[in-house]
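Asker: Below are the chains, spelled out letter by letter.
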Amino acid sequence: MPKRSDIHKIMLIGSGPIVIGQACEFDYSGVQACKALREEGFEVVLVNSNPATIMTDPEFADRTYIEPLTTEILTRIIKRERPDALLPTLGGQTALNLGIALSDSGVLAKYNVEMIGANAEVIRKAEDRDLFKKAMKKIGMDLPLSFSAHTIEQAREVRLKIGPFPLIIRPGFTLGGTGGGIAYDEKDFEEIVTRGLFYSPTNEVLIEESILGWKEFELEVMRDHADNCVVICSIENLDPMGVHTGDSITVAPAQTLTDREYQRMRDASIAVMREIGVDTGGSNVQWAINPDDGRMVIIEMNPRVSRSSALASKATGFPIAKIAAKLAVGYTLDEISNDITKETPASFEPTIDYVVTKIPRFAFEKFAAADDTLNTQMKSVGEAMAIGRTFKQSLQKALRSLEINHYGYGADGRDAAFKEMDDETLTAELVRPNAARIFLTREAFRRGWSVEDVHDLTNIDPWFLRHMEELTAYEDEIASAGSLDGLRRDVPLFRQAKEFGYSDRQIAYLLQTSEGEVRAARADAGITPIFGLVDTCAAEFKAFTPYFYSTYGESSEAVPSDRRKIMIIGGGPNRIGQGIEFDYCCVHASFALREANIETIMVNSNPETVSTDYDTSDRLYFEPLTLEDVLHIYRHEKCDGAIVQFGGQTPLNLAKDLELNGVNIVGTKPDSIEAAEDRKFFQEMAQRLNIRQPRNGIAVSAEEAVEIAERIGYPVLVRPSFVLGGRAMAIVYDHEMLTRYMTDAVEASEDRPVLIDQYLEGAVEVDVDCLSDGTDSVIGAIMEHVELAGIHSGDSACMIPPANLSAEAEATIRDYTFSMARDLNVCGLMNVQYAVKGNDVYVIEVNPRASRTVPFVSKAIGVPLAKLAALVMTGQKLSDLGFTSQIVPAHHSVKEAVFPFNRFPGIDIILTPEMKSTGEVMGIDAQPGIAFLKSQAAAGNMLPTSGNVFLSVRDSDKPGLETVVRSLQELRYGIQSTSGTHKYLKEHGIESTRVMKISEGHPNAIDLIESASLDWIVNTPSEGATQRQDEIKMRSHAVLRGIPITTTVHGLRAAVNGLVTLGSASQMDVCSLQEYHEAIGS
Amino acid sequence: MSSDWNWRQQRDKSAYLALEDGTVLRGYSFGASTDRVGEVIFNTGMAGYQEILTDPSYAGQLVTMTYPEIGNTGINQEDRESRRLFLNGFITHSQNRASNWRSDQSLSDCLVAADVPAIAGIDTRALTTRLRDKGSLKGYLCASGALAEAEGIAAAREWEGLDGQDYASRVTCDDAYTWDEDGSLTRSWGITEDLPEADLSIVAIDFGIKWNILRSMRRSGINVHVVPATTSADDILKHNPDGIFLSNGPADPDAVTYAIDTVSHLIGKKPIMGICLGHQILGLACGGKRFRLKFGHHGCNHPVKDLATDRVEITSQNHNFAIDADSLDLSKVEITHINLNDQTVEGIRHRNEPMFGVQYHPESSPGPHDPFYLFDRFRAMIENA
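From first to last, the protein sequence lines are chains A and B.
Take 6 as the starting number for the first sequence in this note's numbering and just add one per residue.
Take 517 as the starting number for the second sequence in this note's numbering and just add one per residue.
Misleading hints may appear alongside valid ones.
Unchecked claim - Covered stretches of chain B, as calculated for chain A (at least 3 residues, CB under 8 Å):
id, region
1, 521-533
2, 788-798
3, 821-831
4, 859-873
Said to hold, decoys possible - The calculated lysine-lysine pairs, modelled on PhoX-like cross-linking and capped at a C-alpha distance of 20 Å, are:
id, chain 1, residue 1, chain 2, residue 2
5, B, K785, A, K547
6, A, K143, A, K115
7, A, K115, A, K138
8, A, K130, A, K115
9, A, K988, A, K1002
10, B, K529, A, K503
11, B, K754, B, K805
12, A, K547, B, K650
13, A, K347, B, K810
14, B, K650, B, K810
15, A, K192, A, K166
16, A, K14, A, K115
None of these hints come from the bench; they were simulated from the model.
From the three backbone atoms N, C-alpha and C, an ideal C-beta is built for every residue, glycine too.
Given the sequences, and given the hints that come with them, work out the whole structure.
Answerer: Shown next as structure tokens:
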């Protein structure tokens, strides 16, 4: 049956900001869906609060709303747009939950909007634990013994029914398992159940028999309305049951099932999809298998496109989201052709002839207090995927793709710490799932522990362990060559080492030589990788999609064209500080260059992204972003140049070495990029250009640091050089703090100096994105931060246009920016950070490359900065491109950061120079205050329009507080405060209810939080240590309770401005990006 | 740590596969130390190598697995598809030791015990691409290391190949037998625990029958008496079966003239179902012609459309020959199923007599169970006859 003709306008909901559990994969799926639906002639209305997505580029939908993802706002958009249908299955759990909410509230019925893909009933059946269980029992599926509970008392009863610990606790309707966990004893049980009940929007937890240690599998199933079902991919988790699948190392296809076992799982998965009733689209079904007897139990099913389906798409080449969108509008699988083979239909099951490994990337270094044990609650912030002909290749490639300074499965000199571990600790750490466990298996094998030993500790299937054991043993085989010369003479051994996935870096380590030497020796020996094709069919049919991976074998399938071609080096796995924003820039570069008739070669290792969609670029290489891997591609393709300034720190770190190896870096030269990071050079440049800089110095020892700090005057900002996202950056107020920092936080040395800057207290921080073609420069935007300098710019809210900068300061900013762009010979993008005090402008940092704010600025001003930058790098001039002057829109745009605090109970949520946010949202409105409120709502910090505000503010923040509080009173909020703040307000004639501090007894702030009598918490961190501990507890409680919390006075001020503007209207208006941009044009 | 790594052997690459086009691919042996000629084909199934090894239809062939990691689940007693291994040789990229709770033998040990040569360390993707572009090729698998490459190429070229060859008579059972009288072979892991009463009985002509066909029949309440390929129509009818089944089998249907003859005497007498070679024989018995596919269909992911219902089923396939749609007398025979990849005939039915055949494998094993309904269809056909 062809597509439906009774619907014309379809609304699509995105997944909002990048958070743990929902990342770029939903931009990828959303982009595919938008393209597919528009290709079919449907009008698309898209809503997403995340400006860093490709899907919110105005050309991807007919109407794009960058608005908070709340039912109120969506209702307004529905009322305004009157779509015929809502497709909720492509925007993750967020979209699914909103779909249900809109259905339940009657909005969809009222406006006659049909839910397509999956309706509310289907979603509920899959997500509601009881309904799901009932449905599964009905079709004869085996389940772990389990019961649900709505209260802690019920939970205790249920516990007795199930039996001994451990028990698994899963809250209903939460994404990525938020609030869930494994209880090993009664204390855990009480704590996790309480948390789970709170997190579940339906106040429900499922308490379950433990199947910890069982094998875990996932199947990606697709179904059309004619009930044709296909399995796109099977995935086997290397980490057994007990670790969230998002935190597990996973491998595709399944490795340890016989066909008979696999087909049983396939039958069951299809039966599940039918019973749940997903009419069309993709679903993910998860299974656990008892390794001893094959008992198979169902874990869960997601009636939507998921992170796993993005992985499955990248692993097989089958575009699940695109096909799901087409199925939702009426096509059947056999009516859609397989893009890759062109001749065969989409109604088939991909078969692959390689092994895919996905490994999560964690950010525990950012959250020192967080528990890094992996459990059923997802904690990773990103992932890398690698394709190899064999599991060994695939695993080693995936490990080096993580960009955590490992160049494979050990043998890279990075495991010294593990060597030190005593056997007892090693045993414990193998039992406890954690991010380093994969490397610990190697240490165990090095100690002669057997596969059986390691299996007993980890429950990792012996099949995987044997490969790891073999890799460990093989290190000695490589080393047996004696020297690189020896290896060069033994070509079969050399080749075998490469076939086993060893990087040149590892071989260099094992033979005590350098990577460059190994590369040269390898070239001598004629050992170079070939490039295989991802073709969905294991070479059975000729494939047309240029999607490649490297391996070692007979002949390469990637035949280079003779066109002019540019390589774009992506950003690798998401991490805090480097995420979707950079992928956005890479994708834009690709789009722009393709339009300019230049062939684009994309290299990336992150399966979630749009950049790794096979039709984003002319050619896609799914490869680790290391010098070795990138050089292979560059040389094989004979590229004319490579772009390094769009993928964040990853390509920049490679830039110099690439250049030394003959790669033509287009745009700003690596020398300039490096120079800007070099403090000495930077200082000289500032002086030469007469640009004001905070006083600063570089210390290579603790003594020197003290000396410099005293010269500059406290407080000072300290940080190690060459870091990403402000790692280990701190504001230091005195000698003692500085000494502690120098000994605990960093190891200063000649190679790794520590930077010390005058800390400009009370200064406004400003970010500038600028585009330069080498001759002319144009400001993209000047962004004023809401929070003061000292908070990492990635964590700070910022607004366009600035609200509090004088014309003189802005003029200075422009002057400074232009002269630095000229001096650094910037060709492309440049980001500058300034601190502004009155009319004085200080330059803090210059980065001649794409910044995190490029997508936000582009959306705010309606100009695709990254696209223009890519064109500029190929030689075009800004004047040719028609971008000649700064655009200052009439509307207001606010970017707000989004944090993963709810994932790490007990950690402090206070913003510091260390970046902690995972994502961002954007609020746009004609009124600056409303734009700010929208940004807060979008970030999940829904500020109440009435109720009790609790204030506890440190002394330095008190001056001026009274005006804000007075506004709050006028808005009829109840004011509660702790002693100091209470006293201060009283002195300024403001009455408030005094609340005890935690140390003062009960009822204190935490009690009020627990009894739900606080609606908004304003708490700026105090300096004292004990007080700080109390506050951390309180803030963490507030986060877990979902109470909006504001931690800076500037944030409070901006919010109150918004609330005042909102006034009695109490509803926010919505407007599409296309309309905003049109207004700029006219 | 285990010390039985065979890295040096892997590097030495003393085994090779020589193709008739002169290509030689070197690797290492992991099966029997013997040499064998055969038709080199590739199978795209990712699991199910044990079923492939024991499927008699692969007789005469050197089977390449496109999935590189093979041997992962070892060999078990329940997943066999016949009494022994029938293929001439086995080609993989990598071979592994087993990790599976049902495994009781390693792949390598199984191959050695069956005297089947096997080679690993081959770029199977490059080989597959070659076969896709050139079509199936004759090959010589030298696992003994005893023959020079040039001689291996010559041996491959000299071999008569599978065209025009009757292999059914080589793999069929020696004597007739009744399948699984106590139900123990059918009632195996993952197939079924409860067997229905068998209230029908049929005769199956064994051209190389797979056990899962027999298990599927038994699961559908049908007892099966299996007879050798050359059994005459009269002898079959003597059993007065409720229906007749024509099994899958190796090589060229044109060469099985005796069976075509037998079947043409059976059509109309009893309800008949054919699978794979059995289906081809039905087509030929109805006057159709067969043709050789370039590189055959061997895998578990072939989409087939049931033209009556428009439903798509994902099927398991293993054949080099197919019935030419244009050769069929459509007034007599109806095409019921087509392959959506290349539009070839996947199923036929007689318009007037109770008879149907499918080119693919509804018994799967390996492969998806989507077309299992065909056994019920056969049963219904018998009941309505």
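Asker: A separate judgement is required for each hint: does it hold in the structure or not?
Answerer: Here is how each hint holds up against the structure:
1. Chain A is given as covering the region 521-533 of chain B, and this holds because 6 residues of the stretch bring a CB closer than 8 Å to a CB of that chain, at least three being needed.
2. Remark: the region 788-798 of chain B is not confirmed as covered by chain A, as 0 of its residues place a Cβ nearer than 8 Å to a Cβ of that chain, below the required three.
3. Counting residues of the region 821-831 of chain B whose C-beta sits closer than 8 Å to any C-beta of chain A gives 5, which meets the bar of three, so the coverage hint holds.
4. Counting residues of the region 859-873 of chain B whose beta carbon lies closer than 8 Å to any beta carbon of chain A gives 0, which falls below the threshold of three, so the coverage claim is violated.
5. With a C-alpha separation of about 45 Å, the suggested pair B/K785 and A/K547 falls outside the 20 Å cut-off, and the hint is violated.
6. About 34 Å separates the Cα atoms of A/K143 and A/K115, which puts this hinted pair outside 20 Å; it is violated.
7. As the CA atoms of A/K115 and A/K138 are separated by approximately 32 Å, the hinted pair breaks the 20 Å bound.
8. Our distance criterion of 20 Å between C-alpha atoms is broken by A/K130 and A/K115, whose separation comes to about 23 Å.
9. Between A/K988 and A/K1002, the direct Cα distance comes to roughly 14 Å. Compliance with the 20 Å bound is thereby established for this hinted pair.
10. In summary, the hint linking B/K529 to A/K503 is supported, as the alpha carbons are separated by about 16 Å, within the 20 Å threshold.
11. Taking the CA atoms of B/K754 and B/K805, the gap is near 30 Å; set against the 20 Å cutoff, the hint is violated.
12. Annotation: proposed proximity of A/K547 to B/K650 holds, straight-line Cα distance about 13 Å (limit 20 Å).
13. Simply put, A/K347 and B/K810 have alpha-carbon atoms about 19 Å apart, close enough for the 20 Å limit, and the pair holds.
14. At roughly 8 Å between alpha-carbon atoms, B/K650 and B/K810 fall within 20 Å of each other, so this suggested pair holds.
15. For the proposed pair A/K192 and A/K166, the alpha carbon gap of about 18 Å is at most 20 Å, so the pair holds.
16. Simply put, A/K14 and A/K115 have alpha-carbon atoms about 16 Å apart, close enough for the 20 Å limit, and the pair holds.
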